[in-house]
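Whole structure, please, built from the sequences with the hints as guidance.
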Amino acid sequence: MAVQKLPLAKALNESLRKALETDPKVLIMGEDVGKLGGVFRVTDGLQKDFGEDRVIDTPLAESGIVGTAIGLALRGYRPVVEIQFDGFVFPAYDQIVTQLAKMHARALGKIKLPVVVRIPYGGGIGAVEHHSESPEALFAHVAGLKVVSPSNSSDAYWMLQQAIQSDDPVIFFEPKRRYWDKSEVDTEAIPGELHKARVVRDGTDLTLAAYGPMVKVCLEAAAAAQEEGKSVEVLDLRSVSPVDFDAIQKSVEKTRRLVVVHEAPVFFGSGAEIAARITERCFYHLEAPVLRVGGYHAPYPPARLEEEYLPGLDRVLDAVDRSLAY
Amino acid sequence: MTVESTAARKPRRSSGTKRTASAGAKKPQSSEPQLVQLLTPEGERVQHPEYDIDLTAEELRGLYRDMVLTRRFDAEATALQRQGELGLWASLLGQEAAQIGSGRALRDDDYVFPTYREHGVAWCRGVDPTNLLGMFRGVNHGGWDPNSNNFHLYTIVIGSQTLHATGYAMGVAKDGADSAVIAYFGDGASSQGDVAESFTFSAVYNAPVVFFCQNNQWAISEPTEKQTRVPLYQRAQGFGFPGVRVDGNDVLACLAVTRSALERARRGEGPTLVEAFTYRMGAHTTSDDPTKYRADEERAAWEAKDPILRLKAYLENEGHADAAFFEELEAESEALGKRVREAVRAMPDPDHMAIFENVYADGHALVDEERAQFAAYQASFADSAPEEAK
Numbered sequence: 001m002a003v004q005k006l007p008l009a010k011a012l013n014e015s016l017r018k019a020l021e022t023d024p025k026v027l028i029m030g031e032d033v034g035k036l037g038g039v040f041r042v043t044d045g046l047q048k049d050f051g052e053d054r055v056i057d058t059p060l061a062e063s064g065i066v067g068t069a070i071g072l073a074l075r076g077y078r079p080v081v082e083i084q085f086d087g088f089v090f091p092a093y094d095q096i097v098t099q100l101a102k103m104h105a106r107a108l109g110k111i112k113l114p115v116v117v118r119i120p121y122g123g124g125i126g127a128v129e130h131h132s133e134s135p136e137a138l139f140a141h142v143a144g145l146k147v148v149s150p151s152n153s154s155d156a157y158w159m160l161q162q163a164i165q166s167d168d169p170v171i172f173f174e175p176k177r178r179y180w181d182k183s184e185v186d187t188e189a190i191p192g193e194l195h196k197a198r199v200v201r202d203g204t205d206l207t208l209a210a211y212g213p214m215v216k217v218c219l220e221a222a223a224a225a226q227e228e229g230k231s232v233e234v235l236d237l238r239s240v241s242p243v244d245f246d247a248i249q250k251s252v253e254k255t256r257r258l259v260v261v262h263e264a265p266v267f268f269g270s271g272a273e274i275a276a277r278i279t280e281r282c283f284y285h286l287e288a289p290v291l292r293v294g295g296y297h298a299p300y301p302p303a304r305l306e307e308e309y310l311p312g313l314d315r316v317l318d319a320v321d322r323s324l325a326y
Numbered sequence: 001m002t003v004e005s006t007a008a009r010k011p012r013r014s015s016g017t018k019r020t021a022s023a024g025a026k027k028p029q030s031s032e033p034q035l036v037q038l039l040t041p042e043g044e045r046v047q048h049p050e051y052d053i054d055l056t057a058e059e060l061r062g063l064y065r066d067m068v069l070t071r072r073f074d075a076e077a078t079a080l081q082r083q084g085e086l087g088l089w090a091s092l093l094g095q096e097a098a099q100i101g102s103g104r105a106l107r108d109d110d111y112v113f114p115t116y117r118e119h120g121v122a123w124c125r126g127v128d129p130t131n132l133l134g135m136f137r138g139v140n141h142g143g144w145d146p147n148s149n150n151f152h153l154y155t156i157v158i159g160s161q162t163l164h165a166t167g168y169a170m171g172v173a174k175d176g177a178d179s180a181v182i183a184y185f186g187d188g189a190s191s192q193g194d195v196a197e198s199f200t201f202s203a204v205y206n207a208p209v210v211f212f213c214q215n216n217q218w219a220i221s222e223p224t225e226k227q228t229r230v231p232l233y234q235r236a237q238g239f240g241f242p243g244v245r246v247d248g249n250d251v252l253a254c255l256a257v258t259r260s261a262l263e264r265a266r267r268g269e270g271p272t273l274v275e276a277f278t279y280r281m282g283a284h285t286t287s288d289d290p291t292k293y294r295a296d297e298e299r300a301a302w303e304a305k306d307p308i309l310r311l312k313a314y315l316e317n318e319g320h321a322d323a324a325f326f327e328e329l330e331a332e333s334e335a336l337g338k339r340v341r342e343a344v345r346a347m348p349d350p351d352h353m354a355i356f357e358n359v360y361a362d363g364h365a366l367v368d369e370e371r372a373q374f375a376a377y378q379a380s381f382a383d384s385a386p387e388e389a390k
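Chains as they are written, first to last, in the UniProt record's numbering: chain A, 1 to 326; chain B, 1 to 390.
Careful: at least some of the hints might be erroneous.
[Claimed, not checked] Computed footprint of chain A on chain B, listed as stretches where at least three residues anywhere in the stretch have a Cβ under 8 Å from a Cβ of chain A:
(1) 132 to 146
(2) 150 to 159
(3) 163 to 172
(4) 196 to 205
(5) 355 to 365
Hints are computed from structural coordinates only; laboratory data are not their basis. Note that beta-carbon positions come from the ideal geometry of N, C-alpha and C, so glycine has one too.
Structural data, given as C-alpha cells:
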C-alpha cells in the first residue's frame, strides 16, 4: 500500500530498505546497525535481508566510520553512515570538515562524495550527557556540506531518499524524540525538493520558522495562539544548509513578524543567520525585530532540567507575544 | 651475507647528535631492529632470507632514472619556491628510494593515497610533475583527476588518507577485484588516531591495503622518539597483521618488500605495514629551518647512505650502465627542470569566479546568491573608465 501511517523511525527504515533495493552501491555503516538494528532500530532487519556486506557493523570509531565511507565513495559506493548519537559525532568532525566537505572542490569537481551521515539529534528523551545535543550549526557553517532535518514521517522517508541520491555529502539530522510519532507516508508520492521549506500552517500575523523536532512545538503554539485570536503561520524549513530564504521572505512579507525556533543554542545558531539575512531582505516589511527561541549558552543540562532548557510551548508563545507587542 | 655487516645496522644517531632531551629517559629499544636490505650503502648486492628480487639491467637503469629525475624535479621545485614562483614546497630529498621502490611495485589498477610529499610515487603513476605544483603555487588545492592515474589528491591533514585508503580497499574487496591499495604516511602521522583506526578497520575487514610508512626520522622538528617507544613496524602486530622494516634508502629492498605486501593483499590476506627507514635530507618544507633542531652530523651520516649513489655504484660495478647512459640522463634531467620551470612560470592565476566553483556537485542556493553578489561587485569595477581604474 502506498499510503501508510508510520512512526518516523520506521519511515527511515523503509527509506533505507528502498535505497538498498534500488541501488546496489548503497551501503549502511555504523555502530550496532546490524543484528541490533541500531539503538533506535532505524536499521532494523536490514542486515538480515541485505547481508553483512551491505549493512556493516563497524568498529567503535566515528572518524574511522566516516573516513572509510569517504574511501568507499571514492570507489563508487554510496555509504549511508549512522552516528549513534549527536554528541558522538565529534571524533568524525575532522574527517567531515577537512575531507568530506572539501574533496569535491579540491579535485576541481572531478570526484564526488555521495555520503549521507545520519545523526539522531536533540533532547527531550531524558538521556545522559552527549545524547541530547543539536550541533547542526557546526555543520551548516561548513561549505561543501548540506544539512537537513525532517519533522515528520513523510519527510523522513523522502528526504532520506533524496539525500542518498544527492551527489553531495548530506548531514541528515533525525529528531530522535519524534522517532515514535506516527504520520502518513505516501511511498508513491512525488516529493518536494529537498532544500525547500514548506508552509505547514497558514497565518497572517506572525511567522514561526522551525525544523526537525521544533515543528511540532510550533504547530502547538500556533494552535494555542489561534485561541487568543492570533493567526500564526508555521514554516517547516526542512533544510538548514541551504536555508530556503525565499520561502521565509515570502512568509514574512505577508506576516511582517518572524520568530525562529530551534533546540540548539541561539548564540551563533541557525536562527542568528536567518535573522540577519531576513532583516536584510525584509527590512521595510518587518514590524518587529526577528526573535529567536532556542537553547542557552550552557552545556545541555541533566535530564531533570531539560524541560526548562528546551524551547517549549510557553517559551514560543512568550516570543510570539513579545514580537506582536512591537 | 646478512644485513649485520652493513652500515645501516649502526645506531641511528651517534652520541654527538643524539637529541633526546628528557633527562634519564631510557632509549625505547635496546638495539635497532633488523631491516630488510638488498643493496648496501656501498652499492653491494646482498641477500635476504625472505625477500629477493631479480631485475634486468634495463629495469635497474629504469629505477635509477626514476630516482634521478624525481630528485631533479624536486630540486627545481625548491628553486622555484626560492624564486617566488611557488608559495611552498615539501621536498622529498633523501626519500627517492622509498617512493620509487614502492611506486614501481604497483600495478596500474592499484590505487595510491599519498601525503603531500609523494612526488616520486606520482612520477611512477604517470602524473605530470607540473600537476603537482598547482597547489604549491596557490592556483588550486590539487586539481588533478585522481582516477586518471589511480593517484588520489595530496592530503595535507596528517594521516586522514589512511582511512580513505582503507575504505577504498574495502570497496575493492566488495567488488571482487584483485587490485591493491597503498596508503602513504610518515612517522609523525603514526601518532594520529586516524592511522590507528585505519589499522583497526583494515584488519577487521581484511582490506587489501598496504600501509607504507616513510619513517624519515623527523616530523618537522620532532624526532621519532616523540612519536613512539617501539619501532613503528611493530605496531602492526597488535592489530593482527604483519609489519616489516625495510631500508628506505634501498630501492631494491623497497620494491621487493612492497611487491610482496601488495601480493599478499591481492591474495586476500589483508593489510601489511611497511616501515621504510629513511631520512628527510631537507627541511620539512621551504618554510622550515632544521638548523634550529638537528645537527649537521646526523645529516652527514645519512648522506653516506644516499639512495641514488648506492644504485649508481652498483650499476657501474656490475657494468649495467655506461657513461653514455649517465650523460643522457643528465641531459634528460636538465630538460625536465627546464620544462617544469617554464610550466610553472606560465601557470595562470585562476579566474576569480573559481572561488564559487565545485563547492557542491548539485549546487547550493547560498553559493549561487553569493556568486551573483560577487560578480556584481566585480563588475562595478569593470564599469569604471580605464583611467579611473588606475
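Evaluation of the provided hints:
1. 132 to 146: Per the Cβ count (7), the hint holds.
2. 150 to 159: The restraint on the region 150 to 159 of chain B holds, since 4 of its residues have a Cβ under 8 Å from chain A and three suffice.
3. 163 to 172: Three-residue rule met by the region 163 to 172 of chain B, so holds; n is 10.
4. 196 to 205: The restraint on the region 196 to 205 of chain B holds, since 5 of its residues have a Cβ under 8 Å from chain A and three suffice.
5. 355 to 365: Our answer is that it holds, as 8 residues pass the Cβ test (under 8 Å) against chain A, meeting three.
When held up to the earlier numbered hints, the structure conflicts with none and fits them all.
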